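Peer 1: Turn these sequences into a full structure, and let the hints guide you.
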Amino acid sequence: MRMLVSFKKDEIVRHLGLLDLQRTMQRALRRSGLPVAYSNGFNPHIIMNFASALSAGIPGDAEVLDVALSGETTEEACLSAMNRVLPPVLAVSRVRLVDDRFPKASAALRTARYRVTLRGGDARRIADDVPAFLGETEIMALRKSKKQEAMVNIRPMIHELTAAYDEQTDTAVLDARVSFVEQATLKPDLMLTALCAHAQAALPNCQVRRTQLYGEADGRPVPLMDL
Amino acid sequence: MLKEKIDGLLDRVQKPARYMGGEMNAVLKDADRVAIRYAFAFPDVYEVGMSHLGSRILYDIINKRGDALCERVFMPWVDMADLMREEGVPLFSLETRSPVRGFDMLGITLQYEMSYTNILEILDLSGIPLHSEDRTWDDPIVIAGGPCAFNPEPLHHFIDAFSIGDGEISTLETIDVVKACKAEGVSRRECLRRLSRLRGVYVPSLYRADYNEDGTLRSFEPIEEGVPRTVVKNMVADLDKAEYPESVIVPFMEIVHDRINIEVLRGCTRGCRFCQAGMIYRPVRERSMARLMELADKLVAETGYEEITLSSLSTGDYSCLPQLAHALMERFAQQRVALSLPSLRLDSNLKETLEETQKVRKSSLTYAMEAGTQRLRDVINKGITEENLVESLTDAFAGGWSSVKLYFMFGLPTETYEDLDGIADLASKVVRLYFKTPRHLRAKGLRVHCSASCFVPKPFTPFQWEPQDTIEQFEEKQRHLCRIMRIKGVAFNWHEPQVSFLEAVFARGDRRTADALEEAWRLGCRFDGWSDQFKFDKWMEAFEKTGVDPAFYANRRREKDELLPWAFIDAGVTQQYLWRERERAMQAQPTPDCRKGCQGCGLKRFEGACDGR
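Protein sequence lines, in the order shown, are assigned to chains A and B. Per the numbering used here, the first sequence starts with residue 37, numbered consecutively. Per the numbering used here, the second sequence starts with residue 937, numbered consecutively.
Calculated directly from the structure, the hints in this document are not laboratory data. Treat the numbers as computed from the prediction; the structure is a model and nothing was measured. Errors might be hidden in some of the hints.
[What the hints assert, rightly or not] To be clear about the criterion: a stretch of chain A counts as covered by chain B if any three or more of its residues have a C-beta under 8 Å from a C-beta of chain B, and this derived list gives those stretches:
| no. | stretch |
| --- | --- |
| 1 | 43–49 |
| 2 | 58–66 |
| 3 | 121–130 |
We treat Cβ as the ideally placed atom computed from N, Cα and C, and that holds for glycine.
Peer 2: This is how it looks when you write it as C-alpha cells:
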C-alpha cells in the first residue's frame, strides 16, 4: 500500500529547497509512527517521492508526497499523524491510500497550475497581451536544462492561461496550467519571460505560487489526489 | 509591516532558511500572557548556533516557565546584515520576527573569543546602545554566559551582567529578579544591583579596576556595599534533577550537528593542563543510564532524527558507556537510529555489536594526541600514550577502518623542535601500522589527516601564566612542520596563527582591551572566526588607534603574584591548585585523573560536588 499526502508549502517557508523538504518529510514520517517502508543499505531511508520538485522560492497549495507503506493503516490515522508531526507551515489537507499498482504520483503528473501575481510596472500591459499571446500558434523560447539549451515551441505546453487586472491595486493575476511531463515541462518563469517579450514589457515585481497538480483521466485534467 | 519587510529581504539573500523560523518543535507563546520575554542570541549563523547544546537547554528551560517566553536570535550573515541596515530592518527573533530591542532580556552565549565583534554587531543591529551605561528600560537587560564568561573583562563595557558557571540556575534566577524589578518599577541600576547579589552573577559596572605603571592590574574592587568581592560560579550538582529538553527544534536546513545530542556527563577530571573546559566545568557529574535511555526515547519520538550522539567533554569516561551503548543500539535498531561513539573507546566487543546491528559506515577515527612526544604529553598531562594509539589503531585497521584524524597543538609550554618532529614520527608510525595490517583485513585507501593548531593559553588553566608564542615563532614552527609532514598517505593542515593570537589577547584580556574590540568592530570586523571574513590588518589598526598593546596580553609571562583580571571569580578550581599543576608541568610530571584519588583542585569546597569520591 502507499499513501498520497497532499500538503501545502506556506509562503513563509517558500525558500525551502527540495533537499530541505525531503529531509523534513523523512524526519516527520519517522516521528509519525506510521508503518512506512524503508530502503535497504547502509543508510536506510523511507521510500517516498514528491510528485514534482517545487523550486526554492515558490510556495505551493497542494503539493503531493507519495509514501510507501509496509502495513495497514487508515486515511484518518495518516492525516492526523501527519499533522501532528509537521509544522503548521507544511500542513496536510488530505491523505489518500492507494494500491501498490496505482501509478506513482510523479508518473501520473501531467500538468501544473500556477498563479502569478504581477504588481505595478508593466502589469497591465502584460495582462492585456494574454489573448494575443494565446492566439499565436508558435511561441519559441530558449529552454535551458543542465545538459543543453534549445529553442522550443512552448505554445503547446500552455493549456490554460487567463489574466485579471485590478486597477485599484495595479495588480495583474495570471492563472496558468502548463505541461509537467518529461521532455515537455514548462516552468512558469520561462512562460513569463516569453509573455513579457511578446508584450514588449519588462517583468514587474512578481510572485509565483503553485496551486494544483493534475493527472489526466479521459483526456481531462484531474487533480492527482482525485485520480 | 516589519514582518513583511523581513520576508521581502529573504528573496535577496543567500540561505534564506537561516532566517525563516517555523521549524518543527519551535515554541510559540503568547507575548501578552508572560511577564518576561527573553531573546536568546547565539553570535554566529543559524547552522552553527542551532548545533549548540547549551542554547537548546536554556531555550527549553525558559519556555517551560509559565511566566516567560524565549525566542531565538542568530547573527545574520554579512549579506543579510548589510541589507538590514540598508532597509532599516532591526535584528529580529526567529519565532515571531519581533525586534530584539523590545524584549525584556537578551541572553548571549559566549563560546569563543572570536565571536566578540559579532556581539557588538548584534547589539547595533538591534538598536541597543553598545555601552551598558547608555541603556534604559527601553532596552533589554543584556546577560552573557558560557565558557568565555570566565574572563568577562574584554566585554565589561557591553554586557549588563554575566552569568558564570552552569546556566540552568542563573538563567531562571535572573529572570525572577528582572521580573520583580519591572513589577516594582525600580531603576535599571537597582535591577543590576539586585542581579549582582545572585550567586554566579557578575555586574561589571559595579566594580572598578586600577592599574600599575607597568600595565598590570593593581586592584579590582566593588564600588558599592553589598556587591560581592568574589563571584562564585554556579554548579548543578545533580544532572538527573536538572532540566533537559525532551523535545528539540528540528531545523529545515542542514546544520553543523544535525542529530540528537544527549549530554551523558558534564565536566572532566583528566586534568589536561591546556584545557579550560576541563577545569571550569568540574566536577564530573553523570546522568544515570535510566534517565539517558528515557531521554533518548523521547527525543527520537519527538524529532525523527536518524542519529544519536552522546556528548560531553569526554564521553569515553562515562562509567557505564559499554552498557549504555549496547542498550541504545538494541533499543533503536528497529527504528533505524544510528549511534555515534567516541573513537578511542571502541573496544572490540562494542565494535562487534556495532557491526551486527548497524552495519555502520566505517567513518574516520579521531585521536586528539595534542603533542608529538611523550615528554610534552606529560607536560600538558594528556593521558594518552603512543601505545594507546597503536593498540586502538591495530584493531581498527584490522576491522576495516582506513581513515584516521590526528589532532595536535603547537606552541605548547616547554616545546622544542624535537617535539614537533615527534608529530611527524607519530604520523609515519600510523602509516606503517596500516601497511603491517594483513592485506585481506584492511580496507583500501589509507587516509591520515593531521592537523595542528596554535596553542592559546586560557584563564583558569595551569598555563594561564604562560606566554603564547609570537606569530613569527608560530610561522617558523609551521614552516618546519610543513617540511617534515611531507609523508606519503598523510595530509597535513594547520591554523592561521593570527586568529590564535587575537584569541589569546581576548582570552586573558582586561577591561582596556574592550576599547580595541569596539574599534575593530567600527573598522568593519565581524565573523572573525570565518577565514573569509577575518581582517587582521583592521585588528592591528584598532590596537594602534586605541593604544592597546596586544603582545602585553598574548606574549607576556605573568608572575605568580600578579593580580589576574579574572581572579575575582571562584571557578571551583583554586589558583593554588592551578599553580601547583603548572609546577608539575614544568617538571613533566603527570597528574592522575582525580577519580583515582583527590588532587585537591578545590571543588570539594562546593556542596555536593564530589559526592561518593
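Peer 1: All hints, please: hold or fail.
Peer 2: Hints, one by one, checked against the model:
1. Check on the stretch 43–49 of chain A: 4 of its residues sit with their Cβ under 8 Å from a Cβ of chain B, so the three-residue criterion for coverage holds.
2. Figure legend: the stretch 58–66 of chain A, annotated as covered by chain B; annotation consistent (7 residues with Cβ-Cβ distances under 8 Å, at least 3 required).
3. For the stretch 121–130 of chain A, the stated coverage by chain B is satisfied: 5 residues place a CB nearer than 8 Å to a CB of that chain, which reaches the threshold of 3.
Checked against the numbered hints above, the structure violates none of them.
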